[in-house]
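*Asks:* Got chain A sorted already, so can you dock chain B onto it with the hints?
Protein chains: 2
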Amino acid sequence: MSHTLKCFWFPKPLVRNVSTFSEYKNLRIADILATRPLGTQTSIKGWVKTVRKMKDNLFIDVNDGSCPDKFQIVLPKALKPDYLSFGASVEVIGKTTENVNGQLELRADELKILGPCIHSEGFPFAGKVSHPPEYIRKFLHLRSRTSAFSSILRIRSAASRSIHKYLSNEGYLNIHTPILTANDCEGAGEVFLARPENDTHLKDMMKHGLSCEEAYFDKKVFLTVSGQLHLEAMARGLGSVYTFGPTFRAENSRSRLHLSEFYMLEAEAAFMDNLDDLLKMMEKFIKNITTEVANECERDIRMLQDEEAKLHVNNLIKKPFQVLNFNEACSIINQHFEGPKVTEGLNKEQELFLVNYFGKVPVFVVEWPQALKPFYMKLMPDTLKVAAVDLLVPHVGELCGGSVRENDYILLEQKLKRIGQSEGLDWYLELRKFGNIPTSGFGMGFERFLQLLLGIANIKDTIPFPRWPHNCIL
Amino acid sequence: MSHTLKCFWFPKPLVRNVSTFSEYKNLRIADILATRPLGTQTSIKGWVKTVRKMKDNLFIDVNDGSCPDKFQIVLPKALKPDYLSFGASVEVIGKTTENVNGQLELRADELKILGPCIHSEGFPFAGKVSHPPEYIRKFLHLRSRTSAFSSILRIRSAASRSIHKYLSNEGYLNIHTPILTANDCEGAGEVFLARPENDTHLKDMMKHGLSCEEAYFDKKVFLTVSGQLHLEAMARGLGSVYTFGPTFRAENSRSRLHLSEFYMLEAEAAFMDNLDDLLKMMEKFIKNITTEVANECERDIRMLQDEEAKLHVNNLIKKPFQVLNFNEACSIINQHFEGPKVTEGLNKEQELFLVNYFGKVPVFVVEWPQALKPFYMKLMPDTLKVAAVDLLVPHVGELCGGSVRENDYILLEQKLKRIGQSEGLDWYLELRKFGNIPTSGFGMGFERFLQLLLGIANIKDTIPFPRWPHNCIL
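Chains A and B are the protein sequences, given in the same order. Everything in the first sequence is counted per numbering that gives the first Met the number 0, starting at 0 for the first residue and increasing by one. Everything in the second sequence is counted per numbering that gives the first Met the number 0, starting at 0 for the first residue and increasing by one.
Honestly, the hints are just simulated from the structure, not real lab data. The reader is advised that the hints may include incorrect statements.
Since the list can't tell identical chains apart, any single copy or any two copies may satisfy a pair.
[As the list claims (entries may be wrong)] With a straight-line cut-off of 25 Å between C-alpha atoms, the simulated PhoX-like cross-links for lysine-lysine are:
1. K279 - K432
2. K111 - K359
3. K111 - K432
4. K218 - K127
5. K54 - K359
6. K48 - K164
7. K432 - K79
8. K202 - K218
One chain only, chain A, in its complex shape (with noise of 0.2 Å):
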C-alpha cells in the first residue's frame, strides 16, 4: 500500500459507531428549513462549506444537496475531529436553535467525518473560490459538489417534472417513444448508427447479404431525432401524447447551444388542425411551466440568473408573444438589421435581432415557405407556405419548432414520392387511411429552455454529462 494512499484508506480510529448517532433522526436541510423545527434533536449530513474558528466554538456550513443553502452548525472547539475541512462529508448530531439573527443553527453535540477531502491529493475545487464554469466542467464526476452546478441540477429535475405535471393534467398521456429506430424522421439531421459491439456475436447473427450494421436488426438502425411520427401513431388511438427523453444529432458542432445528446419535448395535439390552437398551446405550456419552476426553484434561481436573463423570463412570463409570418420577420430583417440580409432561412443572429426587435419578448415566426421545412408538415391552402412555427426565444433563438401535420393522404403521398421517402414510412402514410384525424405538435429543447431561463451560456452545463463532438467524458 502507497503512501499517498494512506491518506484515503479511511484511519480506523474515526469510525467510531456511537451509538447516539442512530437515536437522532435524520433530516435533510431543505426539510428543516421549510419546517424550522425548534430544539429538535437531528442528525444532519452533508459536505462542509466553510469553517470559521471562534471563540470557544467552531462555525461550520454545511451542504447536502437538498437546497441551494448552507446549515450552520455551532461545535464547541474541543469536538473537532481530525481532518475536518472544505469538502469532507461529515454527520453531525445536535439540537436545532434559532440564533440572534433568527436563523436557524444545530449546536452540535459531536461531528463525525464520514470522508475526508484531502485538496493535496488533487481535489479540484477550493472552499470561497468562485470556478469558472470551462473549469468546473473539467470535473464532470464532481462538479455536483459546486453550488452553481448544484443549483442547475435541481432545476433541471424540477423543469422536468414540471412538464411532465403540466402536461399530464392537460390530459396528454406520456409515450416512450423508441431510441432505436429504423427513421430518420427528418432526414435532415446527421444520425448515430448503432450495432452490436460483439462481433463474432454479429456473425452468428448476420443473415447473408447484409452489412455489419444490419446484422442485428436486419436494417440500419439510427439513435432517434425526434419521436414525433411515433407519437403521430400514438395520437390516432390515444388522443394528445408527449415524449420527453434523450434526442442525438451527430453533427460536428461545438456551438454554445449545440449538444450530441439531448433532451427534447415534444407534444402532439390530437384534433387540432391549425395554427392559432397550435400557438395558444404553446404559449399556456411555456409560461406555465417557467412559472411554476420559477416558483419552486426561486432560491436556487437567485444564485444563478443575472439582471437580463431575469428579463427575459419576466417578459416570457407576463407578456403576450409576439405572432408575424415569415415574409413578414424578413422584411424587418431585410431592414432593420445591419448583419446579413435573409437569403433561406433564419440564421441565429437574425433570430436573436428579431427578438430584440420586439422588445426581447418571445417570437412566434409562422407561415414558412415549404421548401424551408420537413415533409411533415401542412400545406396551406392555395399557398407554397406550411402551417409552421419557431418559436424565438432571447439569448438562445429557437427554442421550439411546430406544426400542422399533413393528414392530407394524397398530398403527403405525392410529397414523400417526391423526396424518394416513400418506402421507409409506408406506415406513416397509413396512418393516414384508417380514422384518420388532424394532429398538431411542436419539439422544445429542454436545455436551450435551461439556458434561457438562467442565462446559461453554454449548454454544456445545463445537462449532467454532456456529449459534444471528441468530448464522451464518463
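*Replies:* Using the frame of chain A, we list chain B on its own:
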C-alpha cells in the same frame, strides 16, 4: 390518381364546416365520465367502436383514448353519414342525457366523419373481435387503436408518473444519466456501439490512428446498460438521486422477458450504508407505486388482469416481502425443487420456484457470493459475500437488483485492478477520495413491473415500440 386512393382521399362533400360544431365545447370522454354533466351541449371526438341499428336511432359507441370506456351516442337514423363504420374517426355534437340504465349518453344533433376506415383496404382490426397480442404486435403503428394496448399504454403512462412522483416526494432528484457513454458499467451485458452514419463526415473528424468507431468522440462509445455509476457521482453532491429512462442490451435473446431497448428505474440513496435500509426502501417504493397505479387505473387494469395477476398484485401490496440469504435460497431449491440444482447463480426457473415456494409473495435474496456479482458491490466484513439483493417476484422472476456500494477506496481499487478495469473507471474510484459517503441503490426493470402488474405474458406488449433481435419496426 388511382381508383384505390379515392377511398382515402377525403371525399370533399363530407367536409362540412357546419358552424354549429365550433360552438360546442369539446370534452374528453374521461372528463365527461368523471364530472357527469347533464344536459350539457358538447362535442366528442374519437373512433367508432360499434354501431347498432335500432328502430329510429343508431347507437354508436365511441372511444377517444382518454379512458377504457366507450361512450354511447344516440343518432337519429336520418342523420347517418356515409362511411360510418368501425374504426372511423368522428366528431359528434349533441346534449348529454342519462338513459334508463342510469348511463350517460349523447343525444346527437349531428355526426361528422373526420376520417373513414375502409376495411377492404387492409385495416387489420375488426369490431367485436378480440385479436391475440401476437397478431396486434404486427401493426405497431395502429395498435394504439386496440382496447387492450391502449389500456396498457395508459397504465404505462400512469406508472411512469407515479415513479417520478413518489421519488420526488421522498427527496430524490431526477438525474438524466447519459445514453452515450464510454463506460459499460457492469462489463456484463452485451453493448451497442454508436458512431455517426455519415462516412465523409467521419473521415474529416478522425484523428490519426483512430478507428471509425472512435472518430466522433475520440473513443468507442456505447449505449448505456445502467446509469448507476453516474448516479453515484451525482449523489456525492446532491444527496439521493434517481434516473428513469431507456437502457440497452445487444444480446441475442428473444425471450418473453428481454428487449434490446427497455426502461429502467435506478435509485441511489445517499448516506445509506446497509442492506436492511435498502430492503425497506425498495419494498416501500414498490408497494407505493403499485398501490397508486392500481387505484388510478382501476378500470384499465380490470380489462387486462386475470385472477392470477390479481393475486400477485394483492400479495405484493398487502404482504410483507420474504427475506432470505443466498445460502438459504440455494438449500431450499436444492431440497425442494424438482428441476436443476443450483450450480452458480439462480436461473429463471429457480427464481420462480422460490417465489411460489413462499406463497407467491415477493422474495428478497440477499448476501450473494462476491464472484456472482459486479465489482461495485460492498464486500461484507470477514466473508466472501457482498451486500447485494435480488428481488424475485411471481410471473417474471428477477424484478430488481440492488446493493450497498463498495465505498472503501482500497478494497475498490484492488478489485478494479484484479478485474482489469482500473483504467476507464479512475473517475469512479476517485469519488471515494474526496468527501466520500456511503450509498446504496437498486434498479428495477419497468417493463417487467408492468408484466407483473397486468399478468402480461410477453414483454414486447408492454412498450409502444419493442426492439428485439431482427426486429426494429418503425
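*Asks:* Going through the numbered hints above, which ones does this structure break? Give me the numbers in ascending order.
*Replies:* 1, 2, 4, 5, 6
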